[in-house]
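K.L.:
For reference, the chains in residue letters:
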Amino acid sequence: MPKPELKTHQTLWTRVEGLPIVLAFLVVIGAFMITAPESFLGYRMYTTLGSTVVPPLILGLGLTLVIAAGEIDLSFPSVLKVSSLVFVMITKFGVFPLDEDMADKHDLLVWGAFVLALLVGGLIGFLNGLLVVRIGIPSIIATLATLFVWEGATVISSGGLSHNIRDIKEYVIFDVLTGRIGPVPVQFFWAIALAALMWFILNRHRFGEHLLFIGDNANVARVVGVRVDREKIKLFTLMGVLGALSGVMLTLENKNFFTTQGTGFLLVALAAVFIGGTSITGGKGSIVGTVFGSFIVGTVEAGVVGSGISGFWTRLVVGLVFIAAVTFHLTVEKPKGFAGVRRIAGMGGRGPEEGPERPRDTRPP
Amino acid sequence: MDKGGQDYENALRAEGIEMWFGNVGALTGVDLSVGRNEIVGLVGDNGAGKSTLIKIITGVLRPTAGSLYVRDREVDLRNYSVLRAHQHGIETVHQERSLCEKQPLWRNFFVGRQITNRLGFINVRKQKELAQEILLKSIGFRGAGITVDTIVEDLSGGERQGIAIGRAMHFNADLILLDEPTAALGVKEVSKVLEFVDDIKTSGRACLYIEHNLAHVHAVADRIVIIDRGTIVNEVQRGEMTVAELTSFLIELQTERQHAEA
Ligand SMILES: Nc1ncnc2c1ncn2[C@@H]1O[C@H](COP(=O)(O)OP(=O)(O)OP(=O)(O)O)[C@@H](O)[C@H]1O
Ligand SMILES: [Mg+2]
Numbered sequence: 001m002p003k004p005e006l007k008t009h010q011t012l013w014t015r016v017e018g019l020p021i022v023l024a025f026l027v028v029i030g031a032f033m034i035t036a037p038e039s040f041l042g043y044r045m046y047t048t049l050g051s052t053v054v055p056p057l058i059l060g061l062g063l064t065l066v067i068a069a070g071e072i073d074l075s076f077p078s079v080l081k082v083s084s085l086v087f088v089m090i091t092k093f094g095v096f097p098l099d100e101d102m103a104d105k106h107d108l109l110v111w112g113a114f115v116l117a118l119l120v121g122g123l124i125g126f127l128n129g130l131l132v133v134r135i136g137i138p139s140i141i142a143t144l145a146t147l148f149v150w151e152g153a154t155v156i157s158s159g160g161l162s163h164n165i166r167d168i169k170e171y172v173i174f175d176v177l178t179g180r181i182g183p184v185p186v187q188f189f190w191a192i193a194l195a196a197l198m199w200f201i202l203n204r205h206r207f208g209e210h211l212l213f214i215g216d217n218a219n220v221a222r223v224v225g226v227r228v229d230r231e232k233i234k235l236f237t238l239m240g241v242l243g244a245l246s247g248v249m250l251t252l253e254n255k256n257f258f259t260t261q262g263t264g265f266l267l268v269a270l271a272a273v274f275i276g277g278t279s280i281t282g283g284k285g286s287i288v289g290t291v292f293g294s295f296i297v298g299t300v301e302a303g304v305v306g307s308g309i310s311g312f313w314t315r316l317v318v319g320l321v322f323i324a325a326v327t328f329h330l331t332v333e334k335p336k337g338f339a340g341v342r343r344i345a346g347m348g349g350r351g352p353e354e355g356p357e358r359p360r361d362t363r364p365p
Numbered sequence: 001m002d003k004g005g006q007d008y009e010n011a012l013r014a015e016g017i018e019m020w021f022g023n024v025g026a027l028t029g030v031d032l033s034v035g036r037n038e039i040v041g042l043v044g045d046n047g048a049g050k051s052t053l054i055k056i057i058t059g060v061l062r063p064t065a066g067s068l069y070v071r072d073r074e075v076d077l078r079n080y081s082v083l084r085a086h087q088h089g090i091e092t093v094h095q096e097r098s099l100c101e102k103q104p105l106w107r108n109f110f111v112g113r114q115i116t117n118r119l120g121f122i123n124v125r126k127q128k129e130l131a132q133e134i135l136l137k138s139i140g141f142r143g144a145g146i147t148v149d150t151i152v153e154d155l156s157g158g159e160r161q162g163i164a165i166g167r168a169m170h171f172n173a174d175l176i177l178l179d180e181p182t183a184a185l186g187v188k189e190v191s192k193v194l195e196f197v198d199d200i201k202t203s204g205r206a207c208l209y210i211e212h213n214l215a216h217v218h219a220v221a222d223r224i225v226i227i228d229r230g231t232i233v234n235e236v237q238r239g240e241m242t243v244a245e246l247t248s249f250l251i252e253l254q255t256e257r258q259h260a261e262a
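Here the protein sequences line up with chains A and B, keeping their order.
For the first sequence, position 303 (counting from the first letter as 1) is numbered 303 according to the numbering used here, and the numbering increases by one without interruption.
For the second sequence, position 237 (counting from the first letter as 1) is numbered 237 according to the numbering used here, and the numbering increases by one without interruption.
Honestly, I wouldn't trust all of these hints.
[Said to hold, decoys possible] Derived pair list, reagent style SDA-like, types lysine to any residue, alpha-carbon separation capped at 20 Å:
1. A/92 with A/169
2. A/284 with B/169
3. B/137 with B/190
4. B/128 with A/204
5. B/188 with B/171
6. B/128 with B/148
7. B/137 with B/202
8. A/234 with B/121
9. B/102 with A/207
10. B/102 with A/16
11. A/284 with B/137
12. B/102 with B/128
13. B/126 with B/169
14. B/126 with A/201
15. B/126 with A/203
16. B/126 with A/204
17. A/284 with B/188
18. B/102 with A/279
19. B/102 with A/330
20. A/284 with B/148
21. A/284 with B/102
22. B/102 with A/331
Hint data in this document are derived by calculation from the structure and do not stem from the laboratory.
Input sequences plus hints: build the corresponding full structure.
P.N.:
Given below as C-alpha cells:
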C-alpha cells in the first residue's frame, strides 16, 4: 500500500520555518550593499549590528512566546529600565567603592547584581501575570499600566540622572556578556544560543506546547488539562526575566544607564516579531522569524543612515518593510489571503469568503 | 498511574452535586453512580445540566457543593483537575470543541500528558508514532489522506469528532464519558461509536453516555438516568421501558415544565 502523502497546504514555504523572512533579510542586505556599499561591504557594519540588535532581539524572543499564547506584554521597556537600574546601583554604589584600586575585584558581587536584576525582572513579570490571571485585566491594558508604573518608578528612584559604570569593563561579566571575539560581539552568540533555547521551548517543550494551545483556544486548552493560569503566570515571569537580561546587556554595552534607555524598543521589538511572521491571533509563533525580523529592523535602521538618506527616514522605511513582510507572510501561508491580495492587485482570484475549501487532493476515492 | 485498588463497586459516584453560575442553578443536588462495568445513559432536555455534570466529573469545573467518589474513594475536589481525572483513568469526549484548530493532530492527541524526558522536552518521534496508531484506529479515518501532521483546521466536523473519540479510546480508561459523541457524525460512523460503547462494556470498563437520540442510548445502556432542570428525576433499568415509553416520559416532563413555568 502506498504511503499516503502529506496533505494540506504544506509547501516548502511553510515547512521550513521562517524561510520567507530569511529571504527578505537577504533582499534587505542586498539592497543596502548596492545603495550603501561603503558600509555594507565592510565588516564594521556587521560588528555594530551584532551588538545593537541583541537587546531588542532578546525582547522579541520573549514576545514571540507571549504573542503565541494570545497575550501581549507592553511593559518590557520599563522592566528593562528597572532591572538595569538595579544592576547599575549595586555595581556603582556597592561594588566599585570596595574595589577602588581594582587589585582585588569582587567579580562575584557583580554577578550577584546581575542575578538580582534578573530576579527583579522576573518579579515584575510575575506581578504582570497576577494582574492578568488573578484580577483578569486584559494583558494589553495591564501591561500598558505597568509600563507607566515602572518607568515612573525608575525615573523617581534615579532622580532622572544617568549613571556611568565605565569601570565595569574591568570585570569578568563585561567580557563574558558583551566582549568581542575577534570582530564579533559576544552578545551575538548569546542571543543565538538564547534563540535556539527559546525555539526548543516553544516547539519541543511541554511549556511551549501549552502556550500554543492557550493561544489557539484557552477553553480547549483548559479542557484537555492545561493549567492555563499557571502557565500564563510562568510566561509573564519569563518575559520579565528576558526584559531584565536585555537591560543588563544594553547597560554593559553602553557602560552607562540613562532613564530613557529601552523606551525605543517597545515598537521595534513588536515590529520584529510581526515582521517575523508570528501572528497576533495566537496559537503560532516563529522564533526563526523573530531573529531575522530583528535583524531586518536593525539593518534598516543602520542602513538608511548609511545610504546617505536623512535619519528621519528610518521609521518610514521600517514601516514599509513591515507592511511588505506581513503581506508576504499572508501570501505564502494562507492561499485564501493570497487571493485577497491578488484581487486587490487586480489580478483576479477569489476572495476569502467565496473561495472553496482547499482541496484535499491526496485522498483516495 | 493512580488507579487505586482493583476492588471497587462503582467506577464513579457523585453525591449532592450542586453547581451555581451566579444565581442560575445548573445542578441542584445530583446523585449519580456508574457501576464498575456499567453503561449509564444520561438523557434530558437542552440545558438540563448534563454537560455541566460531565465537566465537574472531569475536573474542568469545580462544583459549588457535593462530593465525588472515583472507585469508591473520595476525591479531594479542591485539588481536583483534568490532570487528576486522567490519572484516575477517566477519559472524556466533550460536547464542545476539544481540539485546537491550528495545531497538528499529534500535538492534540497528547497535550496535557505529553511524553517527555525529565526536563520536559517532548519526544516528538514517539508521540507521532503513537498518534499514527490512534489515527489508524480512529473512526472514519482508514485510508484517508490525513496524517499526524495534519492541522485540525483542515478536518471536517465529523473527522474532528472521530479524532476526539479516538483519543479517548487510546488511553485505555476505566471510565469513559461521552457527551453527545455522535452529534456530528454520519450514519455509519454513529454505528461505530455504538460499537465502541459495546466494546467498553465487553472489556469490563464503564461509560457515562449522553445522547439525545433515545434509540441509541436505549440500545447500549444498562441503565438510563433522566435529568431535568439540574436534578435526577428518574432511573430506568435495561428492559423496563421501550424507546417509545421513554420518549413519551420525556415529552411529559417537558409539558409539565411548560405548565409550571406558565
Ligand atoms: N459557564 C456558564 N455560565 C453560566 N451558565 C452556564 C454556564 N455553563 C452552563 N450554564 C447553564 O447551565 C445550564 C446547564 O447547561 P448544560 O450545558 O449542562 O446543559 P446540557 O444538559 O448539556 O444541555 P445540551 O443538551 O443542550 O447540551 C444551562 O442553563 C446553561 O445555560
Ligand atoms: Mg450539553
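K.L.:
Against this structure, judge whether each hint is valid.
P.N.:
Hints and how they fare:
Taking the CA atoms of residue 92 of chain A and residue 169 of chain A, the gap is about 12 Å. The hint holds against a cut of 20 Å. Distance check on the hinted pair: residue 284 of chain A and residue 169 of chain B sit about 28 Å apart at the alpha-carbon level, beyond 20 Å; violated. Pair hint residue 137 of chain B plus residue 190 of chain B holds up; C-alpha atoms about 15 Å apart against a cutoff of 20 Å. For the suggested pair residue 128 of chain B and residue 204 of chain A, the alpha carbons sit about 13 Å apart, so the restraint of at most 20 Å is met.
About 24 Å separates the Cα atoms of residue 188 of chain B and residue 171 of chain B, which puts this hinted pair outside 20 Å; it is violated. For the proposed pair residue 128 of chain B and residue 148 of chain B, the alpha carbon gap of about 6 Å is at most 20 Å, so the pair holds. The hinted pair formed by residue 137 of chain B and residue 202 of chain B meets the criterion: a straight-line CA distance of about 18 Å does not exceed 20 Å. Restraint check: the Cα-Cα separation between residue 234 of chain A and residue 121 of chain B comes to about 17 Å, which is no more than 20 Å; the hinted pair holds.
Under the criterion of a C-alpha separation no larger than 20 Å, the hint pairing residue 102 of chain B with residue 207 of chain A is consistent with the structure, at around 17 Å. Distance restraint check for residue 102 of chain B and residue 16 of chain A: the Cα-Cα separation of roughly 17 Å lies within the 20 Å cut-off, and the hinted pair is therefore satisfied. As the CA atoms of residue 284 of chain A and residue 137 of chain B are separated by approximately 29 Å, the hinted pair breaks the 20 Å bound. Only pairs whose Cα atoms come within 20 Å are accepted, and residue 102 of chain B paired with residue 128 of chain B is accepted, the gap being roughly 17 Å.
A threshold of 20 Å between alpha carbons decides the hint, and for residue 126 of chain B with residue 169 of chain B the separation of about 18 Å falls inside it, so the pair holds. Between residue 126 of chain B and residue 201 of chain A the alpha-carbon distance is near 18 Å, which keeps this suggested pair within the 20 Å criterion. Proposed proximity of residue 126 of chain B and residue 203 of chain A is supported: the alpha carbons are some 15 Å apart, at most 20 Å. For the hint linking residue 126 of chain B to residue 204 of chain A, the alpha-carbon distance of about 13 Å falls within 20 Å, and the restraint holds.
Only pairs whose Cα atoms come within 20 Å are accepted, and residue 284 of chain A paired with residue 188 of chain B is rejected, the gap being roughly 35 Å. The straight-line distance between the Cα atoms of residue 102 of chain B and residue 279 of chain A is roughly 12 Å, inside the 20 Å bound, and the hint therefore holds. Our distance criterion of 20 Å between C-alpha atoms is met by residue 102 of chain B and residue 330 of chain A, whose separation comes to about 15 Å. For the suggested pair residue 284 of chain A and residue 148 of chain B, the alpha carbons sit about 18 Å apart, so the restraint of at most 20 Å is met.
The hinted pair formed by residue 284 of chain A and residue 102 of chain B meets the criterion: a straight-line CA distance of about 8 Å does not exceed 20 Å. A threshold of 20 Å between alpha carbons decides the hint, and for residue 102 of chain B with residue 331 of chain A the separation of about 18 Å falls inside it, so the pair holds.
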